[in-house]
Amino acid sequence: MNDRSMHAASVRVFTDLSAWEPLVTETAAASNLASNTTSTDEASSALKRTPLYNLHLARGAKTAPFAGYDMPIQYPDGVLKEHLHTRAAAGLFDVSHMGQAWLRLKDESLTGDAAHKALAAALETLAPAEFQKLKPGGVRYSVFLNEDGGILDDFMTTRPTDNDGSLFLVVNAACKDDDFALLNEKLGDVARLEIAEDRALIALQGPKAAGIVDRLFPGAAAQKFMTMTVGAYEGDDVYVSRCGYTGEDGFELSVPAARAESLANTLLDDSDVALIGLGARDSLRLEAGLCLYGHDLDETTSPIEGNIGFAIGKRRRTEGGFPGADRIQKELAEGPARLRVGVKPEGRAPAREGVKIVDAAGTEIGVITSGGFGPSAEGPVAMGYVDGAKAEDGAEIGLLVRGKTIPARIVPMPFVPHTYYRG
Amino acid sequence: MTKKFTKEHEWLLIEGDVATIGITPHAAEQLGDVVFVELPEVGASFDKDGDMAVVESVKAASDVYAPVSGEVVEANSAITDEPGKVNEDPAGAAWFVKLKLTNTSELDGLMDEQQYKEYLETL
Numbered sequence: 001m002n003d004r005s006m007h008a009a010s011v012r013v014f015t016d017l018s019a020w021e022p023l024v025t026e027t028a029a030a031s032n033l034a035s036n037t038t039s040t041d042e043a044s045s046a047l048k049r050t051p052l053y054n055l056h057l058a059r060g061a062k063t064a065p066f067a068g069y070d071m072p073i074q075y076p077d078g079v080l081k082e083h084l085h086t087r088a089a090a091g092l093f094d095v096s097h098m099g100q101a102w103l104r105l106k107d108e109s110l111t112g113d114a115a116h117k118a119l120a121a122a123l124e125t126l127a128p129a130e131f132q133k134l135k136p137g138g139v140r141y142s143v144f145l146n147e148d149g150g151i152l153d154d155f156m157t158t159r160p161t162d163n164d165g166s167l168f169l170v171v172n173a174a175c176k177d178d179d180f181a182l183l184n185e186k187l188g189d190v191a192r193l194e195i196a197e198d199r200a201l202i203a204l205q206g207p208k209a210a211g212i213v214d215r216l217f218p219g220a221a222a223q224k225f226m227t228m229t230v231g232a233y234e235g236d237d238v239y240v241s242r243c244g245y246t247g248e249d250g251f252e253l254s255v256p257a258a259r260a261e262s263l264a265n266t267l268l269d270d271s272d273v274a275l276i277g278l279g280a281r282d283s284l285r286l287e288a289g290l291c292l293y294g295h296d297l298d299e300t301t302s303p304i305e306g307n308i309g310f311a312i313g314k315r316r317r318t319e320g321g322f323p324g325a326d327r328i329q330k331e332l333a334e335g336p337a338r339l340r341v342g343v344k345p346e347g348r349a350p351a352r353e354g355v356k357i358v359d360a361a362g363t364e365i366g367v368i369t370s371g372g373f374g375p376s377a378e379g380p381v382a383m384g385y386v387d388g389a390k391a392e393d394g395a396e397i398g399l400l401v402r403g404k405t406i407p408a409r410i411v412p413m414p415f416v417p418h419t420y421y422r423g
Numbered sequence: 001m002t003k004k005f006t007k008e009h010e011w012l013l014i015e016g017d018v019a020t021i022g023i024t025p026h027a028a029e030q031l032g033d034v035v036f037v038e039l040p041e042v043g044a045s046f047d048k049d050g051d052m053a054v055v056e057s058v059k060a061a062s063d064v065y066a067p068v069s070g071e072v073v074e075a076n077s078a079i080t081d082e083p084g085k086v087n088e089d090p091a092g093a094a095w096f097v098k099l100k101l102t103n104t105s106e107l108d109g110l111m112d113e114q115q116y117k118e119y120l121e122t123l
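Going line by line, the protein sequences match chains A and B.
The first sequence begins at 1 in our numbering and counts up by one.
The second sequence begins at 1 in our numbering and counts up by one.
These are computed hints drawn from the structure, not numbers from a lab.
For glycine and all other residues, C-beta sits at the position ideal for the given N, C-alpha and C.
Heads up, a few of these hints could be off.
Claimed, not checked - Straight-line alpha carbon distances no greater than 30 Å define the calculated DSBU-like cross-link-like pairs of lysine-lysine that follow:
id : chain 1 : residue 1 : chain 2 : residue 2
1  : A       : K224      : A       : K117
2  : A       : K330      : A       : K133
3  : A       : K404      : B       : K100
4  : A       : K404      : B       : K117
5  : A       : K81       : B       : K85
6  : A       : K62       : B       : K7
7  : A       : K404      : B       : K48
8  : A       : K62       : B       : K117
9  : A       : K404      : A       : K390
10 : A       : K81       : A       : K344
11 : A       : K117      : A       : K133
Said to hold, decoys possible - Pairwise CB distance ranges (calculated):
id : chain 1 : residue 1 : chain 2 : residue 2 : range
12 : B       : A78       : A       : D326      : 54 to 62 Å
13 : B       : D81       : A       : R422      : 38 to 46 Å
14 : A       : A58       : B       : S77       : 39 to 47 Å
Isolated chain B (complex conformation):
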């Protein structure tokens, strides 16, 4: 099980060929109070960087991109029912989707936890 990060402030927890994807505490903090989440249907497929989900805070609507290509095998209805969970536990219970990866080599371009921390410092 490895954890990866993107410059777009998403995290991926990779188990075999399935990645659980969410947004980082930094992203949740920047968004502010989340009031609406729209997730894709199970079975939907995305290319890397495709519009995968929508998260809206009191301030603005934001797109969440697919960090890697894959097919949605599970979507977390807990956060569509209670969007505020995204602020409470962005790195854990408030994951967005699980993607079955179609191109595992895309993972190579992502950051590990240490690299992401260093990246945050540069912002």
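Only chain A is shown next, with the shape it has when bound in the complex:
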């Protein structure tokens, strides 16, 4: 399948694969929706490849540019089957495009908890989680903030089990260069950033994932959600984290690039495991109510507006000490001007990114930031921002799709229950 064929196809948005490109700026968003003339052929020469690229091609992937990488969007089964397979068995995702890095305390005179606290305190100047409270093996979700309290990226931080004074970060592909520059600039005096370019990242998600991962990394099945252990594969360290981006129980495996294809093939030997592309990854995370940076979160949205208050530690809500704390504390006290909510359209028509939201009186109150068809929800699902005062579960709203107003409701998320393993 060749990307050029998309240009000539019948329909305005027939270069649909471009819709998977993360939208770094609003301008990019507008041009993506309006135009289908971007030549992916021209762009492909500059695209990076993950260590699993050849495996994707050998397994029949359709690829497209995503965050500067030529990434698998779907395999021959297609998005719908891949999505349902993940919820029924186990899906394998190549997420090696994401940024992985170690942050290490420069002051080697500190050890143990003291070393952890010193490094965690430094990271707390950029992000509002309580990293100091992380236990060995603990994983935390948080966000880098700008001075206005807007989100620069969302990311995961792990305190390793046996390496105090180090934190392991996983950040979004599209933001990684900026994130790493920020860390170097702001924390360079106290910490050293080691970008783990030699590591791939493989996610295995779904109800069968734990049993499969446990056979390779004994003990993994007993690991709780948001914890990491270190396993061995062909003699190399693999960071086994129980987390993911589908709402399902599952793992992310950080593996040396040279071992990635072998590990992926070993996992794929299990008949319950199928390769899943970024297409199904998007519908899975949407049903799970999880944000996609650049769409549902950006530099203008605060974590309170984004309804990810869990990214802010309890102590830090009162203490502050992170960029934009004034705005965020004000929003905590008075409520945000807008809020990210779940949206369930009535009927079958999906409401996609950019669709305007109106209240019962027809007044515009917000916009859809992610939306589509939820294969497990068996219907359209969406999320978007509405005026804080209108963000009430159950509220009747309208969605302006192709000149018509589709009735919808504000609903709690997730659309499909999370099945995280909490022990």
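Dock chain B against chain A, hints included.
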């Protein structure tokens, strides 16, 4: 009965002055899993290239243009009820609409099956 094709990957089966219209297997394949179809009402009229129907896959929403001018005499509710049929049998049971042609000379500009095959090869 003749079959014609457009560069926009629609097929037309012409019987007298009525054309049954659908999208080609190539279009269905490119769209991916179809999850929503919106068809015009019977009686609606379209000029050539007017927005006639909407088909949405898991990936994106797409407009289907009227390949020729005409009035809708029948719309296939089977595909609005079960959009997945568009992937199963795009060239047959999953036709979209039947149009009563208002300008049969517009058919002259369309491709026959062989020309469409050759066109696909150029993509």
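Do the hints match the structure? See the list:
For the suggested pair K224 of chain A and K117 of chain A, the alpha carbons sit about 23 Å apart, so the restraint of at most 30 Å is met. This hinted pair checks out: K330 of chain A and K133 of chain A have alpha carbons roughly 24 Å apart, not beyond 30 Å. Only pairs whose Cα atoms come within 30 Å are accepted, and K404 of chain A paired with K100 of chain B is accepted, the gap being roughly 26 Å. As the CA atoms of K404 of chain A and K117 of chain B are separated by approximately 37 Å, the hinted pair breaks the 30 Å bound.
Pair hint K81 of chain A plus K85 of chain B holds up; C-alpha atoms about 15 Å apart against a cutoff of 30 Å. Simply put, K62 of chain A and K7 of chain B have alpha-carbon atoms about 23 Å apart, close enough for the 30 Å limit, and the pair holds. Distance check on the hinted pair: K404 of chain A and K48 of chain B sit about 23 Å apart at the alpha-carbon level, within 30 Å; holds. Between K62 of chain A and K117 of chain B the CA atoms are separated by roughly 22 Å; this keeps the pair inside 30 Å, and the hint holds.
A C-alpha spacing of about 21 Å is found between K404 of chain A and K390 of chain A, which places the hinted pair at or below 30 Å, so the restraint holds. Proposed proximity of K81 of chain A and K344 of chain A is supported: the alpha carbons are some 22 Å apart, at most 30 Å. For the given pair, K117 of chain A sits about 8 Å from K133 of chain A by alpha-carbon distance, which is consistent with the 30 Å threshold. The hint said 54 to 62 Å for the Cβ distance between A78 of chain B and D326 of chain A, and at roughly 58 Å that hint holds.
Range check, D81 of chain B to R422 of chain A: about 41 Å between beta-carbon atoms, so the 38 to 46 Å window is met. The hint said 39 to 47 Å for the Cβ distance between A58 of chain A and S77 of chain B, and at roughly 42 Å that hint holds.
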